[in-house]
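For chain A, the structure is supplied; the task is to place chain B on it using the hints.
2 protein chains.
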Amino acid sequence: MATEPVWIAGQWRQLDGQAAFQALDPSTGLPIESHFPISSWADCDLALDAAVDAFWELQQLGPNALSDFLLAYADAIDSDADGLVEIAHRETALAKAPRLKDVELPRTTNQLRLAAKAAQTGSWSQPIIDTKLNIRSCLEPLGPVAVFGPNNFPFAFGSISGGDFAAAIAAGCPVIAKANTGHPGTTLRFAKLAESAIRQTGLPSATIQLIYRTSHEDGARLVSDPRIGATGYTGSRHAGLVLKEAADRAGKPIYLELSSVNPVVLLPGAIQERSDALLDEYVTSGLMGTGQFCTNPGLLLLLESEASEQWIGKLADRYQKAPAGTLLSRNVQKSLQQGISLLEQAGAKRLTTAAPAVEGGRCSCANTLLRITGTQFLNDPEMFQTEIFGNAALIVVASSISQLQQILLQLEGNLTGCIYSDTQGSDDEWYDILAPLLAHRVGRLLNDKMPTGVAVSPAMNHGGPYPSTGHPGFTAVGIPTSIGRFAKLTCYDALRQARLPWVLRDPNPTGQTWRCIDGQWTTDHLPGAR
Amino acid sequence: MATEPVWIAGQWRQLDGQAAFQALDPSTGLPIESHFPISSWADCDLALDAAVDAFWELQQLGPNALSDFLLAYADAIDSDADGLVEIAHRETALAKAPRLKDVELPRTTNQLRLAAKAAQTGSWSQPIIDTKLNIRSCLEPLGPVAVFGPNNFPFAFGSISGGDFAAAIAAGCPVIAKANTGHPGTTLRFAKLAESAIRQTGLPSATIQLIYRTSHEDGARLVSDPRIGATGYTGSRHAGLVLKEAADRAGKPIYLELSSVNPVVLLPGAIQERSDALLDEYVTSGLMGTGQFCTNPGLLLLLESEASEQWIGKLADRYQKAPAGTLLSRNVQKSLQQGISLLEQAGAKRLTTAAPAVEGGRCSCANTLLRITGTQFLNDPEMFQTEIFGNAALIVVASSISQLQQILLQLEGNLTGCIYSDTQGSDDEWYDILAPLLAHRVGRLLNDKMPTGVAVSPAMNHGGPYPSTGHPGFTAVGIPTSIGRFAKLTCYDALRQARLPWVLRDPNPTGQTWRCIDGQWTTDHLPGAR
Chain A
48 MATEPVWIAG QWRQLDGQAA FQALDPSTGL PIESHFPISS WADCDLALDA
98 AVDAFWELQQ LGPNALSDFL LAYADAIDSD ADGLVEIAHR ETALAKAPRL
148 KDVELPRTTN QLRLAAKAAQ TGSWSQPIID TKLNIRSCLE PLGPVAVFGP
198 NNFPFAFGSI SGGDFAAAIA AGCPVIAKAN TGHPGTTLRF AKLAESAIRQ
248 TGLPSATIQL IYRTSHEDGA RLVSDPRIGA TGYTGSRHAG LVLKEAADRA
298 GKPIYLELSS VNPVVLLPGA IQERSDALLD EYVTSGLMGT GQFCTNPGLL
348 LLLESEASEQ WIGKLADRYQ KAPAGTLLSR NVQKSLQQGI SLLEQAGAKR
398 LTTAAPAVEG GRCSCANTLL RITGTQFLND PEMFQTEIFG NAALIVVASS
448 ISQLQQILLQ LEGNLTGCIY SDTQGSDDEW YDILAPLLAH RVGRLLNDKM
498 PTGVAVSPAM NHGGPYPSTG HPGFTAVGIP TSIGRFAKLT CYDALRQARL
548 PWVLRDPNPT GQTWRCIDGQ WTTDHLPGAR
Chain B
48 MATEPVWIAG QWRQLDGQAA FQALDPSTGL PIESHFPISS WADCDLALDA
98 AVDAFWELQQ LGPNALSDFL LAYADAIDSD ADGLVEIAHR ETALAKAPRL
148 KDVELPRTTN QLRLAAKAAQ TGSWSQPIID TKLNIRSCLE PLGPVAVFGP
198 NNFPFAFGSI SGGDFAAAIA AGCPVIAKAN TGHPGTTLRF AKLAESAIRQ
248 TGLPSATIQL IYRTSHEDGA RLVSDPRIGA TGYTGSRHAG LVLKEAADRA
298 GKPIYLELSS VNPVVLLPGA IQERSDALLD EYVTSGLMGT GQFCTNPGLL
348 LLLESEASEQ WIGKLADRYQ KAPAGTLLSR NVQKSLQQGI SLLEQAGAKR
398 LTTAAPAVEG GRCSCANTLL RITGTQFLND PEMFQTEIFG NAALIVVASS
448 ISQLQQILLQ LEGNLTGCIY SDTQGSDDEW YDILAPLLAH RVGRLLNDKM
498 PTGVAVSPAM NHGGPYPSTG HPGFTAVGIP TSIGRFAKLT CYDALRQARL
548 PWVLRDPNPT GQTWRCIDGQ WTTDHLPGAR
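Keeping their order, the protein sequence lines are chains A and B.
Just add 47 to wherever you are in the first sequence, counting from 1, and you've got my numbering.
Just add 47 to wherever you are in the second sequence, counting from 1, and you've got my numbering.
Treat the hints loosely; a few may be bogus.
A pair counts as met if it fits within one copy or between any two copies, since identical chains are not told apart.
Calculated lysine-lysine pairs in the BS3-like style (CA-CA distance at most 30 Å, straight line) [to be verified]:
no.	residue 1	residue 2
1	K368	K164
2	K179	K148
3	K179	K496
4	K361	K496
In short, the hints are calculated from the structure, not lab data.
Just chain A, same shape as in the assembly (with noise of 0.2 Å):
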């Protein structure tokens, strides 16, 4: 069975005979013709030493070498935006437009540009000079870097075009790719794109390296290996809190972004002001890209009122008429119907028909909306948060803005946390209680505004309190921030002028790098440079 080749080393390799496995297409439940190998040690190995290579050559390279090549990589991407939309559409089912043609797609060159500006200017190293001590730091690249993309987002956040990757190639990392096995054969077109753009820009050849998938001890192992740097991690927590584990025994810093069940709080001045768009904007949220997505609304959050119950009754009319849309993968139609199931058995009442249950065919699962209590959710809040990874939610009706406060403070780490209110004011004095309870325990505290968009901006944080990450101190979107992730703080006390990174030299070496001189940030030369 010839199957697909691995990319390491530089070489495109070619492992016939080792088990393989198909990626499956969601909207038919078929598998898709190419075979994928499933990586042995001997190829981690191989990897890992080609990667420490290329860490040392990207070192003497001056950070042009990296912005040429994310601005030529870019280029490579955009011109082969139907190619990889077909592919990817087929491996995940994710509409072909607007989601990956005109939003996702665009969504990822864009970063990689912004990580290109970045890598150029080396702002998002944070230099600092004490210049009457002569002591001077900054941030500098850890060493190779595993990235393990997650299934929903084919492009955006793709082990091999996505915010990690770009993040570490800015910080300049090489990239040990291990491709999401939903969609092996987008990661592969992917590769291909960066080979090209590698091959045009001079880089070290394995400064990005392809495997699809390993066993989990080899993935364990890969975080842990004294020739990694760091690792970047998104998808289910619990293969995340195995990697973790082992990466952190072995003191390697990885990056996670596992799950979170997003708490909106719809105050009841909101729900009386502006019923009817708050159900827009739910409906559109919570079922967009099927429920897809890490910061999905999953755990919305009202008092017990006529008013709630109203709206709550229409929430499940519309999740009940509107159609359900197609699943990642069997795995994710299973653990999603899973999770439902539990939640019922756990006390939660279902709001809206369960579908027939259909073996085969398209991956899919009825729209469902599941209610408890405030009492419910505290008598047991650990089951109440399984994040429900779907077209799926819990709706936690409490019975006073105490019992509210109650579960807020009973909330684990979430990526976001939103509050509705009204705009007159009726809702401030609760809101003023809630907030800083919802703000400790999330990454991205939002007011009337859904979750679901997290904007590449330097401002976004897509991170959070443990378990959505695995420390609150990080993001994953938002360049130049989530590039110091891959990097280590590295202090030059009482070095000779020539010999320190160009970033720390007497002269702005772009004369656009922000640095903080004796406690004013500048893009100023050292005074009397130059």
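Then chain B, alone, in the frame of chain A:
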């Protein structure tokens, strides 16, 4: 037996009848009168509850409350300098002057005053504002912080007075201080001063709490408790890694400063050029504080040559003749002696005479130099990187520059690394080969300078790759940078102006708060504000 009180929830609580311990006077080897209780989990539990309450109260107070306290506390410490020096000297045998009174105490109050300034301006929180999207982010306090201080700096790294403490308070995190068992009396004296400053400035009384000792199990439970925000730990690698494992499993940030051999490379031209000056520098740094510095230069790397042999001979002579200082405790003495034996058993050759073993009396050990070849090092790099904390060092004589390269590639993560080279350029070629390898393995690279001075500068990095610390991106010294360890990144998306944290509102809150607005660092208001 009457014990000294713990300080929990604003109360001095007498725990007579509980297990207790005494500190030792290292200069006599005799116990000091006072008995200090070993806390049970009940104490930790009470402290955690009180700390959570204090945390929420602190969030209600403005930043001036924190800075007022830090300034008042620094003043109180200054007024009690003689008393603090007296007891710290008795508990640690560190010299009263210049060390404790003229160096460590002013460093401590300076840190607290810098922390006050940082709390007041809020620049430490790195506010980032995207005005087009109305997305804003900053660092915010993580919650109660447990601080475990080391034995070797009773003031400047003390759990209730040092760098971790100052950083946590400046961030707005209450501190649960775990005294180092070597100097509980000093820590208690600080607590009394802190209490008066808390009263004076009106902070919640549980903003600071003090216990002296727990079981290992309770320590691990403390750092992983859901109520804890983060932990700062400085101490031995073994105990630190036990805490790290517990904290990691619970997803709780823990900042560790563990151990480091701080390699120093002496290139041939430097020895040729200034042999005697290098001897002076090395002896001063290596024996400073009886070698009990985190940044003690414990691993000396030279190239084989006649000049190196002469230099080593003179160094051994100086070590032999210098008086052996007093060590911090019997435990330090024992592990130093054990470490030396271990290295000798592994083949290291002793260059200095061993002092006859003395039972009891003053805690000390003969100044010790050991040597091995580069080949010996490469045959067992782990063994020969054992930290021997105290007045001992290991010299590695490499046969060639390429062997030296191999040795640097085998280095574990260290806090510091130094390279000495000549001023005429004869070492430059070798410097260029070695420096990138060394810089990658350390938090701070020095040129022609010993590592024992750790300036309190925003550009300092007192951190480094594992296992010198737990995460290579953070520093334990240097305000404001060190404050970020005790913070989470929080993003505010579409918030109404009045609901934003003070550092993120349109007007610059202090006129001096550095914020990154649309990619430009500035102390200005937002365009159009005010």
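Hints versus structure:
Taking the shortest Cα distances, K368 and K164 never come within 30 Å of each other, neither inside one copy (46 Å) nor across copies (58 Å). Proximity of K179 to K148 under the C-alpha cut-off of 30 Å is restricted to the inter-copy arrangement: shortest distance 24 Å between copies versus 53 Å within a copy. Proximity of K179 to K496 under the C-alpha cut-off of 30 Å is restricted to the inter-copy arrangement: shortest distance 16 Å between copies versus 48 Å within a copy. Proximity of K361 to K496 under the C-alpha cut-off of 30 Å is restricted to the intra-copy arrangement: shortest distance 20 Å within a copy versus 72 Å between copies.
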